[in-house]
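Novice: The listed protein sequences correspond, in order, to chains A and B.
Heads up, the numbering used here is the position in the first sequence plus 89, with the first residue counted as 1.
Heads up, the numbering used here is the position in the second sequence plus 89, with the first residue counted as 1.
One or more of the hints may lead you astray.
Copies of the same chain look alike in the list, so a pair counts if it fits in one copy or across any two.
SDA-like cross-link-like pairs, simulated, lysine to any residue; straight-line CA separation at most 20 angstroms [unchecked claim]: (1) 200 x 352; (2) 180 x 124; (3) 200 x 359; (4) 180 x 118; (5) 352 x 402; (6) 352 x 154; (7) 352 x 400; (8) 309 x 333; (9) 208 x 386; (10) 260 x 355; (11) 180 x 120.
No wet-lab data here; the hints were simulated from the structure.
There are 2 protein chains.
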Amino acid sequence: MNNIPSKNNIIETHSKINEFIHRTPVLTSSAVNSIAGCSIFFKCENFQKVGAFKFRGAINAVLSIPQNILRNGVATHSSGNHAAALSLAAKNMNVPAYIVMPETAPETKKKAVAEYGAKITFCKPNQKAREETLHNIVAETGANFVHPYDDYRVITGQATAAKELIEDSGKLDIIMAPVGGGGLLSGTSLSVKYFSPETEVIAGEPAGADDAFRSIRDSKIYPSVDPQTIADGLLTSLSEKTYRIIKDNVSEIFTVQEETIVKAMRIIWERMKIIIEPSSAVPLAAILENKARFADKKVGLIISGGNVDLAHLPFK
Amino acid sequence: MNNIPSKNNIIETHSKINEFIHRTPVLTSSAVNSIAGCSIFFKCENFQKVGAFKFRGAINAVLSIPQNILRNGVATHSSGNHAAALSLAAKNMNVPAYIVMPETAPETKKKAVAEYGAKITFCKPNQKAREETLHNIVAETGANFVHPYDDYRVITGQATAAKELIEDSGKLDIIMAPVGGGGLLSGTSLSVKYFSPETEVIAGEPAGADDAFRSIRDSKIYPSVDPQTIADGLLTSLSEKTYRIIKDNVSEIFTVQEETIVKAMRIIWERMKIIIEPSSAVPLAAILENKARFADKKVGLIISGGNVDLAHLPFK
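Please work from the sequences and hints to get the whole structure.
Specialist: Now the structure itself:
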């Protein structure tokens, strides 16, 4: 898949991965609507397999690899949801998953990935060690590298979440997603373009990790340097592939303060009784900080995941 | 309503309250099933209005009061979910709710009840002060006292949760609920008797608040004296009405340890990404402590509520 995914690519991908994924519910809350001043349709990918939308892209990538190559397995570097997602996708196909993780990754994340049966290789916590370790593993095993987001197979998989949201919510004025590396946001913006072209796409990004905001503003990809945010799924920078799609299809990226992220997260936990990770609270935080922009709109909002360490929550 | 609720009472109540309540979803989790060794259908009353099944009984009680009497309002003593439920039910009918609360109640609970527009009267934290204060309010205002559970209107309302669970899950071997005062458990056992008579009803109760277990065992109602448990919805003792129904219709009450309650709560939070209160984890705790009894069974389990203080969670 060498071109920006087409409408047909997304439709075909959705049929292909359908039997592997959960069709997650779209929830609404009158209490949250009343606080936010608009009508929000939450697409709950926290209920997706591995607790995050990432499984959509991972399973699509794995299903796209020809059988004779796939049997060498798949590999990636990640300590987060993509690692768990790729591990489960590989397990579904009965092939090995090789995951490179910094030795400093939290125990809960190491455990989650190990539970899905991946072979974990630890490395020093820097970019060079990570890439070298991955390179060596791929050379030794012949495993297929699946990037967390700079990969059209992954982007197309992530696009299916917004496709379902559009199918289940009727006409929406706005669809929102958080942005880190841009896999979810770029896929979302493609589905909106193809399946609901009158809907606007708006992203939320932590002000402490605002490389995507600056990249789009200045029309050049800034690397994410020393990001400071509780939203641990949004630490990475855009890639060539995600940048281009986002540049063309997303109206606006709002940056938000840390305290608003925690506030938004708490509102969703308390009012909706669902567990979302901090990254997933970023779009609601953007609404809370820009109420006039969203007033009385019908807003679809992708809850990206629900993986948190319950022993270390930000609520006081 | 002066007799034990009949099948028709429950059917009529369900039609009557239907437009006021949420029909909450029944969720399943292959990860939880694999840990528990049985197949569990979770009836998610944490997604009910006010975050607990209590709204079913409260709205039914309010709708059962003739209009000319109802306009004086309703009253109860409670610091928990029943207070919030009765307040919202009264608000729906546009009549006042008078809630008597111990002055020592947690701020979060005072706030929740106040948000629903109730008139709160604080009293000393003892049974005598509570009853006197309530008596005076009823005498002054003409408000209708709605007991949290020793009331057939309330029990019939609570029974509708199990009725929906049975309708949505197909044939179940066992249905479980936690037991405190017994409103949910007695209503559940009546719905099972009428709508799924081959299903067994089993309750879970904290060992540190095991008055219901002892009451059924010894065929006499023991008061709940100095209960010690994290399950703050299960501190009360059975009443005449709930005792009789439970005695006749519940197979078994399992008492469970505090650490198993926290473990079960954590499993549901982590694996299902939903927020449940400690009381709701008690039935799963009973399964975890008695796996052979439940092995390979199809088990309906009522999640009673999801109201927790996020600043004080039991996870380490």
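Novice: Please flag the earlier hints that this structure goes against, numbers listed from lowest up.
Specialist: 6, 9 and 10
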